[in-house]
Amino acid sequence: MTHSLHRRGSVDSLQNDYVFLCTPAKGVNNKDAANKLLRILDILMEAGPANMGFYGHGNMINGIDLEEVKRTLHDTSRLRCCFDDKERLKEALRRIKSEDLGLSITVSGLIDELLDICGELELEPHTINISCGCYGRVDRLPHPGILEISTMCGHGMISYSLVESVVAQLHAGSIDIDSAISLIGGPCTCGIFNPTRARALLTSMSD
Amino acid sequence: MRIDPDICIGCLMCLDYCPAGALRQNVDGQLNSVVVADDLCFECGLCRRLMICPVDAFEESADVDKFPRVVRTYFSNPNTTHKLTLVPGRGTEESKTNDVTGRIKRGELGMCIEFGRPGLGSTFRDISLMTKRLKALGVQFEPNNPLTELMDPETGSFSDDLLPERILSAIIEIRLASRDELDCVIPVIMDVAKEIDTVFSLSVISRFEESGELPVLKKLSDLGISCAPNAKINLGLGRPLVNL
Chain R
1 MTHSLHRRGS VDSLQNDYVF LCTPAKGVNN KDAANKLLRI LDILMEAGPA
51 NMGFYGHGNM INGIDLEEVK RTLHDTSRLR CCFDDKERLK EALRRIKSED
101 LGLSITVSGL IDELLDICGE LELEPHTINI SCGCYGRVDR LPHPGILEIS
151 TMCGHGMISY SLVESVVAQL HAGSIDIDSA ISLIGGPCTC GIFNPTRARA
201 LLTSMSD
Chain H
1 MRIDPDICIG CLMCLDYCPA GALRQNVDGQ LNSVVVADDL CFECGLCRRL
51 MICPVDAFEE SADVDKFPRV VRTYFSNPNT THKLTLVPGR GTEESKTNDV
101 TGRIKRGELG MCIEFGRPGL GSTFRDISLM TKRLKALGVQ FEPNNPLTEL
151 MDPETGSFSD DLLPERILSA IIEIRLASRD ELDCVIPVIM DVAKEIDTVF
201 SLSVISRFEE SGELPVLKKL SDLGISCAPN AKINLGLGRP LVNL
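Keeping their order, the protein sequence lines are chains R and H. All letters in the first sequence, in the order written, are residues 1 to 207 by my numbering. All letters in the second sequence, in the order written, are residues 1 to 244 by my numbering.
The set of hints was computed from the structure by calculation and includes no laboratory data. For each residue, glycine too, the CB sits at the ideal point set by N, CA and C. Warning: the hint list may mix true and false statements.
What the hints assert, rightly or not - If you want a taste of the chain H side facing chain R, the calculated C-beta under 10 Å gives, among others: (1) Glu-60; (2) Val-64; (3) Val-100; (4) Gly-110; (5) Phe-115; (6) Gly-119; (7) Leu-120; (8) Thr-123; (9) Asp-126; (10) Gly-212; (11) Ile-233; (12) Gly-236; (13) Leu-237; (14) Asn-243.
As the list claims (entries may be wrong) - Taking CB as the label site, the calculated pair distances span: (15) Glu-87/R / Ile-9/H: 45 to 53 Å; (16) His-74/R / Gly-212/H: 33 to 41 Å; (17) Arg-140/R / Gln-140/H: 29 to 37 Å; (18) Glu-154/H / Ser-13/R: 19 to 27 Å; (19) Gln-169/R / Asn-79/H: 22 to 30 Å; (20) Glu-209/H / Ser-165/R: 19 to 27 Å; (21) Asp-161/H / Arg-71/R: 39 to 47 Å.
With these hints in hand, go ahead and build the complete structure from the sequences.
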């Protein structure tokens, strides 16, 4: 999941794209964390994430049984989702802060925007993981547009060939954009693939 | 992963999904089937997990749980939890819980060198080119990391049978005692970048100063590293908070 900080794209493209993670720390505060995770999950769902996913359960794009997810959450489970709206993210963070549930929260996104949010909510950001670029055989990487879409999966499950194939099908008119988003977003088990951003990127590529 | 040739109907629906590019149309006799290129497969399990095959022709390879091939699953399948770290995915917590673990303190830095990302994958042979050079520099590898566990503590290399194993990605995670150590580490990292046949994504983990500033940004800039406008930020909501 480290890769959520390495999402590719311009500042414009990365606006309204926030990856939320909640992580109990093994051996530190994971004891009895399941109930806190359940509470945070409820807060997140009320705020309205653009996508959310769980290992073994899939993601919101292709359907997920949240009641089943709740039954299987345990003390070292993690919550992962993405928001496509700053106000929704802020609402979730505001409530999580006010309930002081004590689990670590990270958010990936534009640094300036995240620091603004911290200022508004009187949060003191603790640690940053800064993306310092990609090195080596960068000549083997595909078109930047393909990378912008595929790097929205933090575990690299969205292959370049899948994005290229779906874009070609869109160009040919054999699928619509909703199907395209569903096809590409399906492999991202963690649910941090942002369908709203994908729609914008795919639309601009189709143009 | 393998495909049962007696079940596969050659619909080719699976071909584009493979992050490793390991699914191939069989042109060796049985034209109407797909095969898995064993050497390329990451064992990430995506093809089977997604249930894209209309006839359920995917099945695990016989050696998927045997060393050394088992490392492919550990470093490629996000549904796998590492036995060492109890952390799923590639098994590291990096900055995610630093507010309660205090692994990286003010003045110190963490670095993550994620081999194979984005999208190309890596062999341990390529990873070892970096780990050996970093070991020679005397850097401290994160102990609670599955890659460190596999590493020879004296040389920073891996056993010969691991070297050809191909994985989706692995994170070399190191700790620096001060920003000044970047002066030695960054040139080595950039040097190794010229030798490898894949890519890596580089990140630096830093505490915010009490003033909210991040002096490491200027240091990185001075070393010719341009940082992305996006990052991952730990919001300091974990308890008990470690404020060192």
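Here's how the hints hold up against the structure:
1. Glu-60: 17 Å, violated
2. Val-64: 18 Å, violated
3. Val-100: Val-100/H check passes; min Cβ-Cβ to chain R is 5 Å, inside 10 Å.
4. Gly-110: Nearest chain R Cβ about 8 Å off; hint holds.
5. Phe-115: 9 Å, holds
6. Gly-119: 6 Å, holds
7. Leu-120: Hint on Leu-120/H: holds, closest Cβ of chain R at ~6 Å, below 10 Å.
8. Thr-123: Violated: closest Cβ of chain R sits about 13 Å from Thr-123/H, beyond 10 Å.
9. Asp-126: The hint holds - Asp-126/H has a Cβ within 10 Å of chain R, the shortest such distance being about 8 Å.
10. Gly-212: At 7 Å from the nearest chain R Cβ, Gly-212/H passes the 10 Å test, so the hint holds.
11. Ile-233: Nearest chain R Cβ about 5 Å off; hint holds.
12. Gly-236: At about 4 Å, which falls below the 10 Å cut-off, the nearest Cβ of chain R leaves the hint on Gly-236/H intact, so it holds.
13. Leu-237: Nearest chain R Cβ about 5 Å off; hint holds.
14. Asn-243: Status holds, d = 8 Å.
15. Glu-87/R / Ile-9/H: 45 to 53 Å: 49 Å, holds
16. His-74/R / Gly-212/H: 33 to 41 Å: 36 Å, holds
17. Arg-140/R / Gln-140/H: 29 to 37 Å: Given a distance of about 31 Å, which is inside 29 to 37 Å, the answer is holds.
18. Glu-154/H / Ser-13/R: 19 to 27 Å: 45 Å, violated
19. Gln-169/R / Asn-79/H: 22 to 30 Å: About 28 Å separates the Cβ atoms of Gln-169/R and Asn-79/H, which means 22 to 30 Å holds.
20. Glu-209/H / Ser-165/R: 19 to 27 Å: Given about 47 Å between the Cβ atoms, the range is violated.
21. Asp-161/H / Arg-71/R: 39 to 47 Å: Holds, at about 41 Å.
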